[in-house]
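Visitor: Model the full structure from these sequences, guided by the hints.
Chain by chain, the residues:
Number of protein chains: 2
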Amino acid sequence: MARKQSALDPQRLDNQICFAVYSAAHAFNRVYKPLLDRLGLTYPQYLVMLVLWERDDVPLKDIGEKLFLDSGTLTPLLKRLEAAHLVRRTRSSEDERQVLIALTSQGHALKEKARAVPQSILAASDCSVSELVAMKDEIVALRDRLNAVIGE
Amino acid sequence: MARKQSALDPQRLDNQICFAVYSAAHAFNRVYKPLLDRLGLTYPQYLVMLVLWERDDVPLKDIGEKLFLDSGTLTPLLKRLEAAHLVRRTRSSEDERQVLIALTSQGHALKEKARAVPQSILAASDCSVSELVAMKDEIVALRDRLNAVIGE
DNA sequence: GACAATTAGATTGCGCGCAATTGAAATTCG
DNA sequence: CGAATTTCAATTGCGCGCAATCTAATTGTC
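Heads up: the protein sequence lines correspond to chains A and B, in order. For the first sequence, the numbering used here gives the first residue as 1177, with consecutive numbering after it. For the second sequence, the numbering used here gives the first residue as 1177, with consecutive numbering after it.
Simulated from the structure, these hints should not be mistaken for laboratory data. The beta-carbon is built from N, C-alpha and C at its ideal position, and this holds for glycine as well. Some hints here could point you the wrong way.
Cross-link-like lysine-lysine pairs, in silico, DSS-like; alpha carbons within 30 Å at most [said to hold, decoys possible]:
id, chain 1, residue 1, chain 2, residue 2
1, B, Lys1209, A, Lys1237
2, A, Lys1312, B, Lys1209
3, A, Lys1242, B, Lys1312
4, A, Lys1242, B, Lys1209
5, B, Lys1209, B, Lys1237
6, B, Lys1312, A, Lys1312
7, B, Lys1242, B, Lys1209
8, A, Lys1255, A, Lys1287
9, A, Lys1209, B, Lys1312
10, A, Lys1255, A, Lys1242
11, B, Lys1289, B, Lys1237
12, B, Lys1255, B, Lys1287
13, B, Lys1242, A, Lys1312
14, B, Lys1209, A, Lys1255
15, A, Lys1287, A, Lys1312
16, A, Lys1242, A, Lys1209
17, B, Lys1242, B, Lys1312
18, A, Lys1237, A, Lys1312
19, B, Lys1289, B, Lys1312
20, B, Lys1255, A, Lys1209
21, B, Lys1289, B, Lys1209
22, A, Lys1209, B, Lys1242
23, A, Lys1209, B, Lys1237
24, B, Lys1255, B, Lys1242
25, A, Lys1312, A, Lys1209
26, A, Lys1237, A, Lys1289
27, A, Lys1237, A, Lys1209
28, A, Lys1312, A, Lys1289
29, B, Lys1209, A, Lys1209
30, A, Lys1242, A, Lys1289
31, B, Lys1237, B, Lys1287
32, A, Lys1209, A, Lys1255
33, B, Lys1237, B, Lys1312
Stretch by stretch, here's where chain B covers chain A in the computed footprint (C-beta under 8 Å, at least three residues) [as the list claims (entries may be wrong)]:
id, region
34, 1187 to 1194
35, 1299 to 1307
Guide: Encoded structure:
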């Protein structure tokens, strides 16, 4: 009875999905770290590169919308990527408020070196692709419901 | 065909479970923030309090093992909780290396004020309890497999 | 055209997370 | 016992995340 009680107690750490997500994110980060170290990237920098490898010459704002990050995070991060000669930051001539992010040739070239990363992650997950896709879709749906609440 | 290709491309942002987890963690944090602001806690501080509400007078190391955090994160965090009069930090007399963390009366009292938090999160998730529990268990299992890989 | 409101990005400040290092206490082992 | 090793916490340094504030450019309204 006491066991059943604690298994339902919403104030217990082990019963909180948020802690599951929080701790899984850190676990992923620890798996990614040695892989990304070889590329000279942090995980958030890798995410920005993924966006740019899909579409180049993108406004900072668009990157922020895809990654759910604001300029307070992205501005210094992009300056570091620029210092690493992976991207260039230029003001848009049509709208001087916007900063366009473009890959350098080194930035493009890094895509090939990064190709092995997802396989390594898949292997570490020790899980079938279809299972991972199903989980991913569930988590994305949950995330989107949470984000919907934030806008009130 | 091109669509099918991109739906399977492991190098696309939208196909990465890690980004799903990463962005869901941030979404959770944004939902928690206004709730925890009222308690004067950050989310990691709230996690520490959850641990202490389950068992008081715990070594720092044990908190770290439950939350997957090290002393580099916990030492300053616990100093802030101590400055807020929620915990006390004392060296163990049996083992002078250990620091024991104990709740103050204010720390105990905060548990009642925090009782409404999980319900608010559940409401924001817009999802049944059983669905959340199932997702949580899957994510925990994935996290544990990832953590197992890190230890080689 | 002028002026208010909006939008994009930069900046500042603070709290994580974590690697790496240090120092002290406890344990192991010869 | 005594030296080497291990363990625990603290510290330093760096890169996020994000709130809050600021500046400049654009848009909307009259």
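Visitor: Next, verify each hint and record whether it holds.
Guide: Results for each hint:
| no. | hint | verdict |
| --- | --- | --- |
| 1 | Lys1209(B) / Lys1237(A) | 23 Å, holds |
| 2 | Lys1312(A) / Lys1209(B) | 24 Å, holds |
| 3 | Lys1242(A) / Lys1312(B) | 25 Å, holds |
| 4 | Lys1242(A) / Lys1209(B) | 21 Å, holds |
| 5 | Lys1209(B) / Lys1237(B) | 26 Å, holds |
| 6 | Lys1312(B) / Lys1312(A) | 13 Å, holds |
| 7 | Lys1242(B) / Lys1209(B) | 22 Å, holds |
| 8 | Lys1255(A) / Lys1287(A) | 19 Å, holds |
| 9 | Lys1209(A) / Lys1312(B) | 24 Å, holds |
| 10 | Lys1255(A) / Lys1242(A) | 19 Å, holds |
| 11 | Lys1289(B) / Lys1237(B) | 27 Å, holds |
| 12 | Lys1255(B) / Lys1287(B) | 19 Å, holds |
| 13 | Lys1242(B) / Lys1312(A) | 25 Å, holds |
| 14 | Lys1209(B) / Lys1255(A) | 28 Å, holds |
| 15 | Lys1287(A) / Lys1312(A) | 23 Å, holds |
| 16 | Lys1242(A) / Lys1209(A) | 22 Å, holds |
| 17 | Lys1242(B) / Lys1312(B) | 16 Å, holds |
| 18 | Lys1237(A) / Lys1312(A) | 25 Å, holds |
| 19 | Lys1289(B) / Lys1312(B) | 25 Å, holds |
| 20 | Lys1255(B) / Lys1209(A) | 28 Å, holds |
| 21 | Lys1289(B) / Lys1209(B) | 15 Å, holds |
| 22 | Lys1209(A) / Lys1242(B) | 21 Å, holds |
| 23 | Lys1209(A) / Lys1237(B) | 23 Å, holds |
| 24 | Lys1255(B) / Lys1242(B) | 19 Å, holds |
| 25 | Lys1312(A) / Lys1209(A) | 21 Å, holds |
| 26 | Lys1237(A) / Lys1289(A) | 27 Å, holds |
| 27 | Lys1237(A) / Lys1209(A) | 26 Å, holds |
| 28 | Lys1312(A) / Lys1289(A) | 25 Å, holds |
| 29 | Lys1209(B) / Lys1209(A) | 28 Å, holds |
| 30 | Lys1242(A) / Lys1289(A) | 23 Å, holds |
| 31 | Lys1237(B) / Lys1287(B) | 22 Å, holds |
| 32 | Lys1209(A) / Lys1255(A) | 21 Å, holds |
| 33 | Lys1237(B) / Lys1312(B) | 25 Å, holds |
| 34 | 1187 to 1194 | holds (count 7) |
| 35 | 1299 to 1307 | holds (count 4) |
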